[in-house]
Amino acid sequence: MKRHVIMLLLIAVASLAAAADKPSFHWDRYYDQDAVTEVLETIHDAYPDLTELTSLGKSVEGRDIWQLTITNEKTGDHTTKPALYADGAIHGNEIQATEVCLYTAWLLCDRYGEWDRVTELLDRAAFYIVPTVNVDSRARYFSDPQSHNIGRTARMPVDDDHDGLLDEDAPADLDGDGLILQMRVRDPHGTHRTDPDDPRTVIRVKPGEQAEWTLLGLEGVDDDGDGQVNEDGPGYVDMNRSFAFNWQPPYVQSGSGNFPLEPANTRVVADFLRDHPNIGFGFAWHNTGGMFLRGPSSESSPPVDPADVEVYDWLGKEGERTVPGYRYLVAHTGLYATYGDFDEFCYQVFGFLAYTGELSMSTDYAYRGRNDEPSGPDGTIWSRRPTLSEKQQFNDHLMAGEMFQEWTPFQHPQYGEVEIGGWKPWAVRTNPGWMLPDMLHRNAMFMVWTAMQLPDVSVEVVSTENLGDDLWRVRARCVNTAGMPTLSANARRRQLVRRDLFTIEGAEVLSGGVVLNHWLGNVETVANRPERLETWTPAQGARDVEWIVRGDGKVTVRYDGARSGAVQVEARLQ
Amino acid sequence: MPRIADRRFVATVAVLAALASTAPAQSWPDGKELAGRLQDLARLDRAELHEIGRSAGDQKLRLLEIAPRDGSEQGPAILVLANTEGDLPLASLAATELAAEILAAPDDDPAGTVRWYVLPSASPDGLDRAFARPRAAGGFNATAVDEDADGLEGEDPPDDLDGDGLITWMLVEDPAGTWALTSDGLPVNADPARDLPGRYRREIEGHDDDGDGRYNEDPAGGVEIARNFPHAFKPWTDRGGRWPGDQPETRAILEWCFAHPDIAMILVLGESNWLNTVPEPAPDPDPDKLVTVPWRLARELGFEPGAEYSLQSVLDAADDHGARANLTPARVRALLHLEPLTAPQKGDLGWWSALSEGYHGFLDDHGLADPRLEARSPGRGSPASWAYFQFGVPSVALDLWTLPAPADSSAETTADSTVTAPAPDRELALLKERTETSGHGGWRAWSSVTLPDGTVAMVGGPEPGARHTPAAYAAETRARALLPFLLDLPDWLPRLSLDALRTEDRGEGVVAVTATVRNDGRLPYPTDMGTVNRRPAPVTVTLDGAEPLQDPLRRVIPQVPAGGAVTLTWLVRAQKADDLEVTATAPSLGTVTVKGGQR
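Here the protein sequences line up with chains B and R, keeping their order. According to my numbering, the residues represented by the first sequence are 1 to 574, in order. According to my numbering, the residues represented by the second sequence are 1001 to 1599, in order.
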């Protein structure tokens, strides 16, 4: 069971299924970055009419940052369709985020032509998927000694301890077992003692209790002789603190980097978002916690427009049902404050809504009967978290004890005799492979269902009324049958993307405007350019317009939205 | 013996006299001419020209590097950023001339003791606009902006209706307008109570090209680089960029700066000034202020989540945990949502005030203290505020010209002989008066035009850029006269030195070693702000040739005060005192070493 999650052999992965030319993959394991590339290439090769595979650019260490576009190009170029953007593993150690992206890509392609709603979705909308943003650290998660606590950030050297040296004191695999685990030293004046419920576990002593251990943190030595251990490991530029809205310098937001979007990885993502104004919703996948987070990300962030909150709330509640146990939360009140993160950047700079999805939950490791109470403490978001001894029972009964490395003596050059052991890295922030398929499918389908709510517009000429001679009153309507408006309230209010254009051609336009009440015939006429009305269409609603025109032939009425695509209809004035 | 600055002033005047035939007095050099001058300078010893990036319009960002006279590869260095506003040819010219003066300075001149990085035109697209015909206000780059979010870019630019080559104001007759003209022809906000009813709508000179009922609402786009830096960036503006650092010019500058840790000071030549008036410091946080500790921090400090505590008690608790959790006071304040800082640290006001006094003294000594309108302080997203608050080095923001105020000005005169900024109508009045009395230009008389729809409008008013860029001959002398002050800036920089090692024999090979690290400059290293944001890297001191008994051989000094010293002592085991060697180093200051010692 060693290196359980590290499945380097893609041969076992991309077996072609019996169904003709349709690749299938094992979704009960994790793919390293080479395998990720192969999965993407396999999908693209199998579905060339549905996919386009592009490298957005090179990472800090020179790896490709792959982006897969999925849509039926025969029904229109992806840039003309409403689109959903999803990326994963901007924190390189949060590896299953990549699998959610890969699974979604595979699912969409595999079910195209089989599942009607998926087929309709890819005919009218597009997905932009970046399975791994932090390709360097995720690659190293598989190739280097493994730790759940290393590899979150960009591979950019940073002087974490402000001593003038860069990354000079990193955790290390002292015992050479390929894992970077915990160290403890026996110490009657320490802070922890052995858990009487499970001898593998240490718990903090309470007043009156005798300590047995001092916890020393991750495996490592004091490399630079400054009296600290592991205080300046690789990185630390946290790319999900480097996005360029409400970005704050590192003394305010740890790990934000020298300036916004400093790592190449996030810069290419930001440029991609800017260059694709058809993106109407975003997901960034992380672990852990089982959460769908939205902004505001901090108290100093601007509020989300109430109209957009309604959409967020509706989608978020559906997400909670789609993925049982997950919670939809406002980031800074439900979790903690951050500055410069992805979803707020999307919402405040581009005006589309976005979630940060936190995959996996501590409760995945619950070991409880139907009527057992949660064992964790109350009062925090971790209240449902199982105690460590409960997690050990899970480990014993469902993983035959493989999740935990027994404490083993080790002669440390500075601490003397210590013990090394603890939870294996993959058992902390990720799940064993057998738990993956359900998690991947539910979260992927939440994305797919969300994409189904992207604006879906049609246009019709409701009536043409002759007012005498060649004078006509033309009424047209755009209907949006989906759950999202064509433009978010924030996009409209702050002009973050162009407004939708309701236009008429083929006749001389004398007047025009948006119909305020189509029963009473109230029209808000515009003084200028009436043939080119700037507007938007609400969710599951309609936008009516009216023109007074002079003409006698064919007119073309068109509704063109940056995030809804363009539709048009013709009518005859006769 | 005159001060060096005085001697150099004399020399500068002489240099100017020699250059008089080549220096254009009647027009500003454009981008092409500046590039040529930089290339000429790059042929001189110690100079090297770099292309640090490209503008949005694909023009080169040319940076001239000038090495110190002693050939040292070490810091400190001064970065000169000029004309991030784009439409300030005076600033670009001054930076270029500064580079020439640095290269021509005498051997014993402070200017030759440091490395200089000079970027005379930080927004070459913007500089081009200052020479465009017709010429409009604003030195924006070539990034396309859809200002009115209608899906079109640049579809309604201004138009030169009166054919004078300038885009000025346009007062469109409108009964609902909120502007009026005084009997003197000055535009003012309408004030019916003072018999000034609204008669005009103020627009920029031009047509409604796209027929949307608005005038010039979507010009050729562009972003002002001076608003695109990350400190206190203001989102959702037409001219500041979509996000901080999104413009290629800004990104190139940021990347250059962080790739050159020897930069110990940034001089920003532009429209703003941080020497005229020293900014107010950040107020001390009220230690008794009650704060709610976020649950994550509360858990770390052992506090009750959601409960209120005094700020001081939280800071004290964090101090207890500091070594483990890296919880600096600034970080704690950030977690309590009391950051970021937007006013200088109180501890930095000493050197800031001294620098300001030095500046005013220079103006007084050189006859440059004539009353002028006060330049604005660096604003949100400006390079100068970024340099201090985020890059962590002293930031010297200097404008080169503002409108002269009349000697008998009724405006309030401050102690530094400048006058407070007037309301816009006063500035307009000064421009108009100056044009009419001295012929310096800056104001266009109103002329009547008829718009295509028959509407009558008045075109005229302030010329674009008139409040910061006069005719070349009127400002060049003043700007050049300021150069000696800038050439003396290296004298202010922190300088690292080590006293001779002191050793004390404690018997059996045990030695107490004492090293004193000095900062011989007039600025601390780093600034107080630098200690908050932990940039630039601190001075580290390493003792070699000994076995430590207690303290690590490599130590960090968080700050070395200006003109001060920090003393470190080690108890070590050493074979010979002569083997001992202490090295002090910092990327911005270089490295110094002292060997041996009297045992």
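There's no promise every hint is true.
As the list claims (entries may be wrong) - Here are the simulated distance ranges between beta carbons:
1. R:Glu1304 with B:Gln414: 47 to 57 Å
2. R:Ala1343 with B:Arg368: 51 to 61 Å
3. R:Glu1304 with B:Pro437: 56 to 66 Å
4. B:Ser300 with R:Gly1211: 35 to 45 Å
5. B:Trp449 with R:Glu1304: 39 to 49 Å
6. R:Gly1211 with B:Arg493: 23 to 33 Å
7. B:Ala307 with R:Asp1184: 41 to 51 Å
8. B:Glu508 with R:Ala1144: 30 to 40 Å
9. B:Leu516 with R:Asp1030: 50 to 60 Å
10. B:Glu508 with R:Gly1439: 34 to 44 Å
11. B:Thr333 with R:Gly1454: 18 to 28 Å
12. R:Trp1236 with B:Gly334: 52 to 62 Å
These are calculated hints, taken from the structure and not from any lab test. Just so you know, these numbers come straight off a predicted model, no measurement behind them. In this text, a Cβ means the ideal position worked out from N, Cα and C, and glycines have one as well.
Hint check results:
Between Glu1304 of chain R and Gln414 of chain B the CB atoms are about 36 Å apart, so this pair departs from the stated range of 47 to 57 Å. The beta-carbon spacing between Ala1343 of chain R and Arg368 of chain B, approximately 54 Å, falls within the hinted interval of 51 to 61 Å. The given range of 56 to 66 Å is broken by Glu1304 of chain R and Pro437 of chain B, whose C-beta atoms sit roughly 42 Å from each other. Hint check: Ser300 of chain B to Gly1211 of chain R, Cβ distance near 42 Å, so the stated range 35 to 45 Å holds.
For the hinted restraint 39 to 49 Å between Trp449 of chain B and Glu1304 of chain R, the CB-CB distance of approximately 40 Å keeps it satisfied. Checked against the hint of 23 to 33 Å, the pair Gly1211 of chain R and Arg493 of chain B passes, with Cβ atoms roughly 25 Å apart. A beta carbon spacing of about 50 Å between Ala307 of chain B and Asp1184 of chain R agrees with the range 41 to 51 Å that was offered as a hint. One distance hint, 30 to 40 Å for the beta-carbon pair Glu508 of chain B and Ala1144 of chain R, holds here, with the actual separation near 32 Å.
In this structure the hint that Leu516 of chain B and Asp1030 of chain R lie 50 to 60 Å apart at CB holds, the actual value being about 53 Å. The hinted window of 34 to 44 Å between Glu508 of chain B and Gly1439 of chain R is violated, with their beta carbons roughly 53 Å apart. About 58 Å separates the C-beta atoms of Thr333 of chain B and Gly1454 of chain R, a value inconsistent with the hinted range of 18 to 28 Å. The hinted range of 52 to 62 Å is not satisfied by Trp1236 of chain R and Gly334 of chain B, whose Cβ atoms lie roughly 26 Å apart.
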